[in-house]
Each structure stands twice: as C-alpha cells, then as structure tokens.
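Residue numbers (this note's numbering), protein chains in the order written: chain A, 147 to 407; chain B, 8 to 266.
Simulated from the structure, these hints should not be mistaken for lab results.
A few of these clues could be false.
Okay, derived cross-link-like pairs now, BS3-like style, lysine-lysine, Cα gap no bigger than 30 Å in a straight line [what the hints assert, rightly or not]:
#, chain 1, residue 1, chain 2, residue 2
1, B, K105, A, K298
2, B, K196, B, K42
3, B, K130, A, K321
4, A, K321, B, K265
5, B, K27, B, K261
6, B, K42, B, K261
7, B, K71, B, K196
8, A, K321, B, K83
9, B, K42, B, K227
10, B, K71, B, K232
11, B, K80, B, K130
12, A, K298, B, K42
13, B, K105, B, K232
14, B, K27, A, K298
15, B, K27, B, K130
16, B, K265, B, K226
17, B, K71, B, K261
18, B, K71, A, K321
19, B, K261, B, K83
20, B, K83, B, K195
21, A, K321, B, K80
22, A, K298, B, K83
23, A, K321, B, K261
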Amino acid sequence: MKGQLFLFSRILLAVVSLVSFFGLWWWIAIHDPRGVLPTPQDIFTTLARIVITNQRDLTGHVFSDHVASTLSRVFYGFSLAAVVAIPVGLLSGWSIWAESISKPIVELLRPIPPFAWIPFAIIFFREPFDSVFIVYLGAFFPILLTTIAGVKAVDSILIDAAKTLGANRGHLFSKVIVPASIPHIMTGIRIGLGVGWMTIVAAELVGVKGGGLGVYIHTMSDIGRFENVFAGMFIIGIIGFLMITAVTYVERRLSRWAEIL
Amino acid sequence: MGRDTIIQIRDLNKVFEHEKTTVEALADLNLDVYKGEFFCVIGPTGCGKTTLLRIIAGLEPPTKGEILLNGQKVGKPGADRGLVFQEFALFPWRTSRKNIEFGLEIKRLPLEERQEIVERYIKLVGLQGFENALPRQLSSGMKQRVAIARALATDPEVLLMDEPFGSLDAQTRNIMQRELLAIWEETKKTVVFVTHSVDEAVYLADRIVVLTARPGTVKKLMEVKLPRPRDRTGEEFYAVRRPLLQELEIEAEKAMKKG
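Assemble the whole structure, with the sequences as input and the hints as a guide.
Put into structure tokens, the structure is as follows:
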C-alpha cells in the first residue's frame, strides 16, 4: 500500500530521479565512441532550433508539416475507427444476430498485428490513406472489444427496471445500453488512441510517402543526425502524452457517475 | 374501503428449468388483491415471493395460470405496474430528478409536464436538496426514495415492492415504513409488498398472505385490523405477530429440510 509522503519530499525525489537519469544519460553519451547517443543538452538545443526556425529539411518539408501530417493521419484513422467500432460494438454486444455476423470476421482479423498490413497498405492505398488505414486497424479493435464488453457488463436489473417503466427495445438500447456502456467505450477510445499513435509512427518509419514525424526521424537517422532523431522522438512523446491526458480528462468527466466513492 | 378486486391471481404455477434441474417455485397459487389496499406477502426464503412479484410485473412468464389486472390478462412489463427493487436499480448516470423522469420520457410527456410531475414526487418522498445528486452520492434510504418516486411518477395501477427496505439499517427502515404509509395514504395506490419480516408486514399491511415453503402457495391469509399509526411494541401488535411467526417458522423449517 502507498503511504503518505509530504509534497516537498515528493518533489525532491522527482528532481533527484530526473537529475540522475539525465546525468547517467550524459555520462554514457560523452563516453560513446561512435557518437550515436547525443547528450541531453545537444538534443534540447536542436529541439529549440527546429521548433523556432522551422526550416525546410532534406525531406522537402518544414518541421511543423511533419507534425501536422502525422496528427491528421492519426485523427482520420482514429475517428474512422471510433465511428465504425462503437456502433458495431454496441450492436454486437446487444444482439445475438449482430454478434454472430461480426464475431467470425473480428476473430479472423484481430490476431494480425496492424504492422503486418503495412506492405499491403502502401501498395493498395494512395497516400495518405495507407497510413490512415494502419491507424484505423490499430485503433479499431480496442474500441470494438471494450464497447462489446461494456454492453455485456450492463446490469440486467437496470434492464428490468427500464422495462417496468414502460421501455421498449429501442428505449432499452438508447436510454440504458448506450449510456451504461460509456465508461467502457471511453476506455476503448483511450487505448485505441494510444495504439493508433504507435502504429502511425511505425507506418511512417517503414515508408509511407509524404512528411510525418516517423519519416523525419528515419531521414535524420539515415544522415547520422542523431540529435535530430532524438528531438523528433521527444516531440512524438510530448504529443502522445498530451493526447492521452486530454482523453483521460474527458473519460473522467463522462464516467464520473460510475466511480466508487 | 371498497372491495373491488384489482389483481386476480389464478392457478399460478411457475417452474424454472435450468439445464437438468427443475425448480417448482409456485404451485396453484390463487389470490385476490383489492383496489387501494396495502397487501403484504411473507414467506420463508426461496418460497417464490420475488418470483410472484416478477410475474405480476411481467418480467417472468407464468408456467401455468394467469394474472388479471382490472380483468385484463397481464403480459409484458409496463408502466401500469411500478416495481421497486430491493437493490434500488437506479440508473447510476442519472440524477435523482432524471431517474424519476425516466418513465415520463418514455411516455413522451412534454417537458413542462414532466418537470411538474417530478417536482411533485420529489416533495412527496422527501428528496428536496438531493434532486441533482447521482445515486452513488445518496444513502441507501435516499436511493430507495428515488426508486419509489420513479415507480410512482408514471402513475401505475399498482405499486409492487420487492423487499424494498431489506438492505436498510433498522432505524432507516422504520422511518421508511412510516413514510411509505404516508405516501400510500396520499396516493391511494394499491401496494403489493414482499418482505420476509413479520414485523414489517404487521406494521404496514391491511392484509397479509403467508406463503408456504417451495413450491409457494397460500398458507394463510389474514386481515390486520389494527388502527394506524400502529404501535410496534403494543400488546395488540404482538397478538397479530405471534400466529404469523408460528406459521412462518413451520414453513421456514420445511424449507431448510428441503435445502
């Protein structure tokens, strides 16, 4: 069990932890004979330069273009996944008919990692739909499966209560099943967005066309600019963190009723 | 009190079949419930009290026999038979007000009328100050008030109550019993109230039916003629309680031997 720590001690320990981490990093970096691992200060000065100057690089794009293309691919892939997976999940959880139709396809496709689709996607789709498709696959299954689980977890006594208040099947679906499943759906959205973010960077690394943060770190690695690679990684981390924080905030708000006091 | 019958239970049988085991829950049950009365059903654990209520509510079909409400055969569940569950069964994402409004939304009443009805029942059950609380923020007693208001808001013919105070502590239970009687007197609803507490039944009921151990059927039907408010500690109260307790004990022993 976690005990109580004074705020001061917690901040102190966080500082000590970060300082040791960057200290160790710095020590390894200056002793790296090949100079592949840049020092933390190299990375941060590079990061500041990239963000402030926003110059055109070898790929023919400015840095903000990379960020924008990656974000838009994730946005479209993820939104498409949510728009398809939530209704399909609600129906599959609710109706044995819908489940019997969707389950075989889902079970067939689910074990295939989204990355395995990349070679096909690059040839089959035109940019940017190749990477949008990969994000879609990554985000789709977590959202679908948590939504189905959400519908199945609805307490049958709530269904009974709604029936005795005059609810028909349509009412049960819209007024009980859907709202009761929201906490599960939001969990699926959070996980789906996280998986989508991982798949986009991987897809861009492997070689979709156009700009993107994955393309950027891949190109910089090819020309040995490792401080730029790390700066790109840092940006990927920050954006991922911000997205998950925002979704977690919405999730908390929408699921507040389900929290245990 | 008029003696118009509102619910007629005719040769009711219920058998539950689950894989290879069959359980006979109710056998040849015949009962009449009168309009406007407070009717209590008591019986040993597992005697089919709850099953009886769920069949009246339309949540379970009878295996044989039928139930008539105002002479009409009861089928699917509907807002004409309000049910109050022991586990409250409130919609956890809805505030007290929105829980009470649920059945009115389904009836498609206009917003103003809904709000007016909700306000009336919030006052009736004493929920002022808790209108906008979520169920998880309410005590058990308050939750059951919301559930009672929700069941009454659609103006049902009968109010079915399945051990509604079973999970409340003794003090809260006594308060809720008193308030339920006040609500019943004001709304003049027919109440069918299932409990395993003889004390509760004697305090509340106009008439009490004791069911036998499984399969449940009528063991004893008795009228409680004590004037209200009833004194739980009075000699008359005990005089009513005693024979009921004896009957119930015999049935409870039978139920235990059957396992």
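Among all the numbered hints in the text so far, which are the ones the structure does not match? 4, 6, 10, 11, 12, 13, 15, 18, 19 and 23
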